[in-house]
Amino acid sequence: MASGREIKTKIKSTQNMRKVTRALEMVSASKIRKAQDLMKASRPYARSMRKVIAHVAQASTEFTHPFLVERENVSRVCYVVVTTDRGLCGGLNSNLFRRLLPAIREYQQQGVQIDVVAIGQKAVQFFRRLNGVNLIGSTTHLGERPKVEQLIGVIKVVLDAYTEGKFDRVFLAYNDFVNTMTQKPSVDALLPLPSVAAELEAQHVAGVALEQSHDWDYIYEPDAATVLEHVLSRYIESVVYQAVLENLASEHAARMVAMKSASDNASKVIAELTLSYNKARQAAITQEISEIVGGAAAV
Amino acid sequence: MSTIRCDIVSAEAEIFHGDAVMVVATGELGELGITPRHAPLITRLKPGHIDVVLEGGERQQFYVSGGILEVQPQAVTVLADTAARAADLDEAAAKRAKQEAEEALANRSGTVDVVEAQAKLAQALAQLQALERMRKNLKH
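Quick note, the sequences are listed as chains C and U, same order.
Residue numbers for the first sequence follow the UniProt record's numbering, so the first one is 1 and each next one is one higher.
Residue numbers for the second sequence follow the UniProt record's numbering, so the first one is 1 and each next one is one higher.
Check the hints yourself; a few may be wrong.
Claimed, not checked - Computed cross-link-like contacts, DSBU-like style, restricted to lysine-lysine with a CA-CA straight-line distance of at most 35 angstroms:
{"no.": "1", "chain 1": "C", "residue 1": "K10", "chain 2": "C", "residue 2": "K31"}
{"no.": "2", "chain 1": "C", "residue 1": "K10", "chain 2": "C", "residue 2": "K279"}
{"no.": "3", "chain 1": "C", "residue 1": "K8", "chain 2": "C", "residue 2": "K260"}
{"no.": "4", "chain 1": "U", "residue 1": "K120", "chain 2": "C", "residue 2": "K260"}
{"no.": "5", "chain 1": "C", "residue 1": "K34", "chain 2": "U", "residue 2": "K98"}
{"no.": "6", "chain 1": "C", "residue 1": "K34", "chain 2": "U", "residue 2": "K120"}
{"no.": "7", "chain 1": "C", "residue 1": "K268", "chain 2": "C", "residue 2": "K31"}
{"no.": "8", "chain 1": "C", "residue 1": "K166", "chain 2": "U", "residue 2": "K46"}
{"no.": "9", "chain 1": "U", "residue 1": "K46", "chain 2": "C", "residue 2": "K260"}
{"no.": "10", "chain 1": "C", "residue 1": "K268", "chain 2": "U", "residue 2": "K120"}
{"no.": "11", "chain 1": "C", "residue 1": "K184", "chain 2": "C", "residue 2": "K40"}
{"no.": "12", "chain 1": "C", "residue 1": "K8", "chain 2": "U", "residue 2": "K136"}
{"no.": "13", "chain 1": "C", "residue 1": "K260", "chain 2": "C", "residue 2": "K147"}
{"no.": "14", "chain 1": "C", "residue 1": "K147", "chain 2": "U", "residue 2": "K120"}
{"no.": "15", "chain 1": "C", "residue 1": "K12", "chain 2": "C", "residue 2": "K268"}
These are computed hints drawn from the structure, not numbers from a lab.
Input sequences plus hints: build the corresponding full structure.
What follows is the structure in structure tokens.
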């Protein structure tokens with residue numbers, strides 16, 4: 001059995017660990033609310049944006065934007081992967097990667113090239129080590145209040161490459177915040193825009209139904225191509241931004257849960273160590289007494 | 001008097017929501033005054049004011065640094081940009097994003113991870129100290 005002092009050092013260091021995990025747990029618990037508020041604040045924009053896109057899809061335009069056209073041959077695919085910057089959040093990022101990898105490998109078997117745009121340090125670290133995948137753009141350290149401006153760069157990289165025909169499909173991978181206990185790794189199609197109108201009709205989004213049923217089209221200022229380009233890029237931006245916020249809320253929730261179980265485990269270890277410390281101490285005392293008694297008897 | 005539903009939203013917040021008699025905005029090709037039953041229209045906005053004339057003649061002014069204006073006969077939607085946007089600024093941001101990826105690829109070694117871990121540790125410790133100080137203050 002280890003000596004009393006050794007056990008005592010172990011107890012001390014476990015207690016210190018527990019302090020750190022407790023602190024991280026409390027920090028995340030307070031940040032999660034802010035992240036949820038951000039998510040809520042950005043919803044009206046996303047809703048209005050979807051409405052506008054649904055209107056655009058219903059209008060009988062003479063112009064079809066490349067973002068709306070499904071391409072027949074897929075020879076190159078891009079994944080926009082949203083992860084956290086920091087670790088210590090349980091299996092959040094690895095669950096997402098685990099969800100992504102089979103899809104990536106399957107594409108690669110079909111001879112499809114894979115490009116990745118990473119948002120968040122963990123995605124950068126993971127994909128720069130992964131073979132056969134090109135990292136073409138990244139942004140990290142978005143902080144606690146991500147701004148749309150921070151995402152413009154990476155999104156432009158994707159949209160430009162898509163317009164030039166470098167990719168034929170773009171997917172968005174992130175952790176969907178369901179509630180504090182559950183975060184769902186999700187991979188959604190980003191480009192070409194999935195037939196938005198059909199999808200919205202299926203979902204019965206309020207306010208999509210139009211007053212007019214006959215053929216109609218917008219007055220475009222200055223012209224359809226420019227305006228649609230602008231609207232669709234903004235739409236993509238808002239979708240990615242929303243994903244970043246969802247992921248942020250997921251990060252804090254996952255960290256809180258992970259740190260809570262770490263603290264609980266630390267407490268358990270401390271209890272066990274304290275018990276064996278007391279046992280060791282008692283054994284030492286008993287031994288001392290029996291030595292004294294033995295010594296006294298000998299005299 | 002008939003009114004038109006007006007929504008002004010930006011990606012980070014809802015700015016205005018309500019019924020208006022007229023909405024005045026600066027479109028790319030000039031000023032637009034939108035009244036109820038306007039023909040469907042969609043345009044980009046220039047940086048400038050959006051005036052919302054409410055029922056009773058009260059006016060509310062908002063500043064947008066750009067965005068999209070969508071008009072349906074019964075509704076006006078303004079999707080405001082949160083920041084000044086320009087093609088060359090976007091281009092610079094895109095370049096930065098590419099560069100970051102290249103830098104990440106260039107230093108494959110583990111040094112970054114160590115530095116990062118240290119930074120993380122320092123931060124956790126600082127937070128811990130702050131918490132302890134708070135706890136002490138509470139006790140006194």
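Which of the listed hints are not met by the structure?
9
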